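Asker: When you get a sec, could you build the whole thing from the sequences and use the hints?
2 protein chains.
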Amino acid sequence: MASNSTWRAQAEAKRQSILDAIPEKWRLATPVPSATEVRDVTGSYIQQFLSKREIEITESDAVDIAAQTTTGRWSAVEVTEAFCHRAALAHQLVSCLHEVFFDAAIEDAKKLDAYFAEHKKAVGPLHGLPVSLKDQFHIKGIDTTMGYVGWIGTFQGEKEDPRFGTKESELVRELRNLGAVLYCKTSVPTTLMAGETVNNIIGYTWNPKNRLLSSGGSSGGEGALMALRGSPAGFGTDIGGSIRIPAGFNHLYGLRPSSGRMPYEGAANSMDGQSTVLSVIGPLAPTARSLTLLFKAVLSQQPWYHDPLVLELPWRDAIVEETRSLIEQAKAGNSTLAFAIMHWNGVDRVHPPIARGLKLVEQALQKMGHRVIPWNPPSHTTADQLLFKTFFMDGGVDIKHHFGLSGEPKASQVLIVEDGIELSVSQLAELNVAKREYQKQYLDYWNSTAELTGTGRPVDGIFCPIAPHAAIIPNQFGAVGYTGFVNVLDYPSVSIPVTFADKTIDVRPTNPSAALEEHIEWNYDADTYDGAPVGVQFVGRRLQEEKILTLTEYLGEEISRAVGAK
Amino acid sequence: MASNSTWRAQAEAKRQSILDAIPEKWRLATPVPSATEVRDVTGSYIQQFLSKREIEITESDAVDIAAQTTTGRWSAVEVTEAFCHRAALAHQLVSCLHEVFFDAAIEDAKKLDAYFAEHKKAVGPLHGLPVSLKDQFHIKGIDTTMGYVGWIGTFQGEKEDPRFGTKESELVRELRNLGAVLYCKTSVPTTLMAGETVNNIIGYTWNPKNRLLSSGGSSGGEGALMALRGSPAGFGTDIGGSIRIPAGFNHLYGLRPSSGRMPYEGAANSMDGQSTVLSVIGPLAPTARSLTLLFKAVLSQQPWYHDPLVLELPWRDAIVEETRSLIEQAKAGNSTLAFAIMHWNGVDRVHPPIARGLKLVEQALQKMGHRVIPWNPPSHTTADQLLFKTFFMDGGVDIKHHFGLSGEPKASQVLIVEDGIELSVSQLAELNVAKREYQKQYLDYWNSTAELTGTGRPVDGIFCPIAPHAAIIPNQFGAVGYTGFVNVLDYPSVSIPVTFADKTIDVRPTNPSAALEEHIEWNYDADTYDGAPVGVQFVGRRLQEEKILTLTEYLGEEISRAVGAK
Numbered sequence: 044m045a046s047n048s049t050w051r052a053q054a055e056a057k058r059q060s061i062l063d064a065i066p067e068k069w070r071l072a073t074p075v076p077s078a079t080e081v082r083d084v085t086g087s088y089i090q091q092f093l094s095k096r097e098i099e100i101t102e103s104d105a106v107d108i109a110a111q112t113t114t115g116r117w118s119a120v121e122v123t124e125a126f127c128h129r130a131a132l133a134h135q136l137v138s139c140l141h142e143v144f145f146d147a148a149i150e151d152a153k154k155l156d157a158y159f160a161e162h163k164k165a166v167g168p169l170h171g172l173p174v175s176l177k178d179q180f181h182i183k184g185i186d187t188t189m190g191y192v193g194w195i196g197t198f199q200g201e202k203e204d205p206r207f208g209t210k211e212s213e214l215v216r217e218l219r220n221l222g223a224v225l226y227c228k229t230s231v232p233t234t235l236m237a238g239e240t241v242n243n244i245i246g247y248t249w250n251p252k253n254r255l256l257s258s259g260g261s262s263g264g265e266g267a268l269m270a271l272r273g274s275p276a277g278f279g280t281d282i283g284g285s286i287r288i289p290a291g292f293n294h295l296y297g298l299r300p301s302s303g304r305m306p307y308e309g310a311a312n313s314m315d316g317q318s319t320v321l322s323v324i325g326p327l328a329p330t331a332r333s334l335t336l337l338f339k340a341v342l343s344q345q346p347w348y349h350d351p352l353v354l355e356l357p358w359r360d361a362i363v364e365e366t367r368s369l370i371e372q373a374k375a376g377n378s379t380l381a382f383a384i385m386h387w388n389g390v391d392r393v394h395p396p397i398a399r400g401l402k403l404v405e406q407a408l409q410k411m412g413h414r415v416i417p418w419n420p421p422s423h424t425t426a427d428q429l430l431f432k433t434f435f436m437d438g439g440v441d442i443k444h445h446f447g448l449s450g451e452p453k454a455s456q457v458l459i460v461e462d463g464i465e466l467s468v469s470q471l472a473e474l475n476v477a478k479r480e481y482q483k484q485y486l487d488y489w490n491s492t493a494e495l496t497g498t499g500r501p502v503d504g505i506f507c508p509i510a511p512h513a514a515i516i517p518n519q520f521g522a523v524g525y526t527g528f529v530n531v532l533d534y535p536s537v538s539i540p541v542t543f544a545d546k547t548i549d550v551r552p553t554n555p556s557a558a559l560e561e562h563i564e565w566n567y568d569a570d571t572y573d574g575a576p577v578g579v580q581f582v583g584r585r586l587q588e589e590k591i592l593t594l595t596e597y598l599g600e601e602i603s604r605a606v607g608a609k
Numbered sequence: 044m045a046s047n048s049t050w051r052a053q054a055e056a057k058r059q060s061i062l063d064a065i066p067e068k069w070r071l072a073t074p075v076p077s078a079t080e081v082r083d084v085t086g087s088y089i090q091q092f093l094s095k096r097e098i099e100i101t102e103s104d105a106v107d108i109a110a111q112t113t114t115g116r117w118s119a120v121e122v123t124e125a126f127c128h129r130a131a132l133a134h135q136l137v138s139c140l141h142e143v144f145f146d147a148a149i150e151d152a153k154k155l156d157a158y159f160a161e162h163k164k165a166v167g168p169l170h171g172l173p174v175s176l177k178d179q180f181h182i183k184g185i186d187t188t189m190g191y192v193g194w195i196g197t198f199q200g201e202k203e204d205p206r207f208g209t210k211e212s213e214l215v216r217e218l219r220n221l222g223a224v225l226y227c228k229t230s231v232p233t234t235l236m237a238g239e240t241v242n243n244i245i246g247y248t249w250n251p252k253n254r255l256l257s258s259g260g261s262s263g264g265e266g267a268l269m270a271l272r273g274s275p276a277g278f279g280t281d282i283g284g285s286i287r288i289p290a291g292f293n294h295l296y297g298l299r300p301s302s303g304r305m306p307y308e309g310a311a312n313s314m315d316g317q318s319t320v321l322s323v324i325g326p327l328a329p330t331a332r333s334l335t336l337l338f339k340a341v342l343s344q345q346p347w348y349h350d351p352l353v354l355e356l357p358w359r360d361a362i363v364e365e366t367r368s369l370i371e372q373a374k375a376g377n378s379t380l381a382f383a384i385m386h387w388n389g390v391d392r393v394h395p396p397i398a399r400g401l402k403l404v405e406q407a408l409q410k411m412g413h414r415v416i417p418w419n420p421p422s423h424t425t426a427d428q429l430l431f432k433t434f435f436m437d438g439g440v441d442i443k444h445h446f447g448l449s450g451e452p453k454a455s456q457v458l459i460v461e462d463g464i465e466l467s468v469s470q471l472a473e474l475n476v477a478k479r480e481y482q483k484q485y486l487d488y489w490n491s492t493a494e495l496t497g498t499g500r501p502v503d504g505i506f507c508p509i510a511p512h513a514a515i516i517p518n519q520f521g522a523v524g525y526t527g528f529v530n531v532l533d534y535p536s537v538s539i540p541v542t543f544a545d546k547t548i549d550v551r552p553t554n555p556s557a558a559l560e561e562h563i564e565w566n567y568d569a570d571t572y573d574g575a576p577v578g579v580q581f582v583g584r585r586l587q588e589e590k591i592l593t594l595t596e597y598l599g600e601e602i603s604r605a606v607g608a609k
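If you're matching them up, the sequences are chains F and Y in order.
Just so you know, we're using my numbering here: the first sequence kicks off at 44 and counts up by one.
Just so you know, we're using my numbering here: the second sequence kicks off at 44 and counts up by one.
A few of these clues could be false.
No copy is singled out in the list; a pair is fine if it fits within one copy or between any two copies.
Subject to a maximum C-alpha distance of 27 Å in a straight line, what follows is the list of computed DSSO-like cross-link-like pairs (lysine-lysine) [to be verified]:
1. K443 x K432
2. K483 x K210
3. K339 x K483
4. K339 x K590
5. K183 x K483
6. K154 x K590
7. K483 x K202
Treat the hints as calculated values from the structure; they're not laboratory data.
All figures in this text were calculated on a predicted structure; none of them were measured in a lab.
Answerer: Here it is as structure tokens:
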């Protein structure tokens with residue numbers, strides 16, 4: 044174990060090397076104002092450092108960008124440089140990057156432009172699209188630290204491993220095949236097991252919309268970078284909410300797919316080999332259709348022939364068509380779509396902005412003509428217990444080893460303790476059975492809603508909070524149950540942005556209705572939360588990602604329109 | 044723990060109650076001759092106890108029977124009675140049943156006939172088809188013992204469990220929906236972890252084709268019953284070969300699907316909650332197309348809405364069509380199908396009948412015009428180690444508990460010891476990672492054959508032994524590696540019957556070629572094995588059950604024709 048001074052020096056050197064990799068021309072000339080001075084550094088704040096053309100490019104969504112870059116109208120180099128510049132600014136404003144490799148990205152972009160010039164066609168559907176990655180994915184020549192000081196200059200903590208500097212994760216290989224440009228890796232909380240993003244290398248990743256608050260976690264760097272439009276789309280991972288929380292905290296869309304759809308092969312992880320609740324990869328982006336673009340593009344690479352845990356389930360257009368016809372029917376005034384809303388889970392009481400966000404969604408759904416029913420599922424306390432037993436199953440053996448490589452301390456936000464009790468294999472088998480029984484109960488409950496919807500089908504999806512609160516005050520994230528039950532069930536779930544916390548509205552009502560009182564947590568600071576993004580979660584049935592993404596494109600737009608019209 | 048005399052008495056009473064449930068008219072009047080007198084009790088031997096009409100019905104395959112019963116040409120009652128009679132005889136000849144409930148079956152058949160009379164249509168695609176089930180499936184009013192004396196009159200060993208006598212497994216519910224008639228449950232080795240079928244209740248399940256030998260295990264009762272045509276089709280389970288071994292040992296077809304296709308929900312099992320290598324349910328039958336009938340019928344019930352571990356993968360006709368067009372092309376003399384043959388796995392040397400069986404398959408494939416290449420995969424020693432670490436992970440805790448309920452002793456054939464060392468969760472995680480890495484290597488190797496086939500595609504399937512030997516001499520089954528590697532990889536695999544051991548041919552050649560010597564085990568008793576069925580295994584890629592079943596229907600027929608023509 045290295046001494047205290049050693050890990051501090053290593054972390055400091057690494058932190059500096061990230062800043063040093065930013066070209067001089069893109070460095071901020073003056074110190075960033077404090078959060079109390081300037082809470083929100085998105086929009087016009089960051090735009091002041093960018094050209095009009097850079098703003099045009101970086102504020103286009105992935106679908107629009109790909110439409111330009113795959114047809115040669117925009118050069119890959121120009122687009123890549125714009126995002127590199129904006130990502131560099133984002134990092135200086137909220138500390139959201141672990142690795143920057145802009146030179147390599149621009150070299151790759153040049154090759155893509157040359158390919159297009161020669162063949163008059165794109166390499167693939169993501170030709171020239173910059174894609175950011177959470178710092179779990181291995182890229183040739185680039186560190187993967189996952190926030191661990193002990194991983195700097197090693198392969199996942201192994202100093203002599205020949206894969207150091209040479210290995211690429213399966214997703215990276217596929218993204219390159221698709222024509223995507225890789226240019227940065229985003230920050231994570233060390234261990235990944237936290238709803239905020241903090242580590243001993245780059246410190247704390249702040250929320251760009253309200254720098255008093257967290258960007259969420261564990262894909263917090265993705266969330267913060269995208270809130271500042273330093274990335275048009277990227278990939279995070281989710282074992283308890285790590286995609287949906289930062290998506291929700293940063294007014295983004297983020298998909299947690301069912302396990303077995305996206306290739307995790309060759310990516311770093313915590314507690315690798317834990318197979319009760321699998322961490323999964325999913326896309327985050329400012330628009331819903333960007334999630335579809337990325338998800339579908341990866342599936343076109345047939346990842347099941349390269350990752351033994353991926354299921355042979357290509358993108359299913361038939362499900363998209365079927366869902367679209369339900370949407371068309373609804374738009375024509377004859378909706379047979381039905382949704383459930385879970386205003387609270389019976390465990391963690393929600394803050395006023397979250398209660399309001401769900402209410403807005405409920406009103407929007409009703410206005411669209413959909414049937415909305417309440418959601419009274421099997422106990423979510425059980426889901427919480429199953430999730431935490433899973434997280435704690437190795438008693439902290441894995442994280443203790445990796446913190447021990449450098450001697451650095453664990454952040455208080457990490458949900459796992461280093462000296463817990465390790466389960467026996469028999470106890471684990473009991474846990475697996477209990478989890479399966481809970482999944483069966485939930486499945487049966489979902490089926491049972493066919494009797495309530497009036498559509499002849501069970502509900503098409505459920506809406507619920509992402510967390511009891513909007514983007515959280517540092518060190519206060521704890522209740523992972525709103526997202527975690529989805530991981531226990533292995534359902535697809537998307538974060539959909541809805542509104543922002545507003546201290547003038549989100550106050551304790553003088554005469555709260557009994558229904559509202561039931562789920563409102565009054566220990567809430569309206570002033571600090573002011574401006575924090577409020578998202579909701581939209582949950583579907585296992586492996587029905589095509590349906591959920593298609594519905595999200597429609598519902599997200601309609602909700603946004605309905606909320607905006609208020 | 045009950046005393047020695049208690050468990051013996053309980054087992055004896057249960058054994059007698061099975062015989063007592065056979066109607067007087069179907070009991071054998073004279074003792075069964077010894078195995079040395081009459082080895083083979085299939086065919087004409089069992090036919091002597093049956094009417095011509097009973098023989099016609101019971102020697103039709105499931106597809107032909109369903110064609111008659113779903114159209115009202117044959118009554119469900121007549122078909123059910125014929126199979127009940129033949130199953131009763133089979134049990135008296137080789138001891139292959141754990142439960143008989145012929146009266147309930149005939150009552151169910153009467154209801155099906157009444158339904159057809161009233162509605163002029165079938166309840167479902169299996170209307171009136173008798174289906175046998177391995178004794179892991181719960182049926183209302185019927186015991187499930189899985190061979191354990193301590194489970195008699197309980198729910199999986201729990202005396203006060205309200206599910207006793209009331210619970211039905213998900214597969215049972217679906218089979219009833221489909222119109223199948225349930226009439227018996229077949230024998231298993233206690234714990235299911237053995238390649239022979241033996242327990243303290245019904246003793247040893249003998250091979251009907253050669254009663255000096257084993258029927259295989261753990262779905263040995265299914266195998267023996269079907270060899271005697273006491274069942275047209277049934278379901279077993281497979282965690283290391285438990286469907287394919289008894290199918291191979293009894294000249295049957297048997298499919299081990301990938302995990303996640305057939306519903307295991309609500310069935311009894313050993314080491315429930317062990318999730319490194321999952322036991323899976325699959326059909327066995329005398330014809331390949333019967334496997335397809337059952338598999339497709341179960342999928343039509345959308346089991347993914349009732350079993351949280353089933354994947355939403357309906358029967359995919361598109362894959363069937365694609366495969367059929369490859370077959371048509373081959374039949375027209377332009378095959379682009381390519382197969383690999385693994386004559387031995389580098390671990391367990393095979394007996395002469397097995398080597399000959401594979402040679403016959405190779406010749407048949409070549410005659411059909413397909414490309415045949417050798418199979419030089421990643422080490423199968425690794426697969427063996429991964430499988431046994433998985434089987435042994437709980438140190439025997441589970442089986443010790445269940446044997447302890449009655450105090451009965453464990454049979455020597457059971458692969459697991461009762462006092463082993465239990466893994467820690469961290470060790471299990473390492474095992475899961477090692478397994479995934481092996482799966483990845485195998486996947487890459489399979490992909491790499493695209494360079495060898497000349498078809499532009501990797502091989503379409505691989506042929507290999509099911510075991511080093513044909514149906515085994517009691518107490519000699521040990522090498523589970525030929526089937527077990529498939530469970531580690533989670534690939535679909537079918538047993539295909541090929542030929543029979545023949546003491547006049549399967550002898551040590553006077554001048555063995557070097558290639559033959561490499562994989563032939565000379566410690567082999569040609570006389571005892573004479574007449575034992577010889578099958579081969581046909582292995583496909585994960586979740587490609589539709590392709591494998593479609594190819595099996597074609598290949599099984601062609602191989603049988605080619606072998607018969609010799």
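Asker: Does each hint hold? Answer for all of them.
Answerer: Evaluated hints:
no., hint, result
1, K443 x K432, "both (18 Å within a copy, 26 Å between copies)"
2, K483 x K210, "between (40 Å within a copy, 15 Å between copies)"
3, K339 x K483, "between (29 Å within a copy, 23 Å between copies)"
4, K339 x K590, "both (13 Å within a copy, 24 Å between copies)"
5, K183 x K483, "between (43 Å within a copy, 20 Å between copies)"
6, K154 x K590, "neither (36 Å within a copy, 40 Å between copies)"
7, K483 x K202, "between (45 Å within a copy, 24 Å between copies)"
Of the hints listed earlier, the one the structure fails to meet is number 6.
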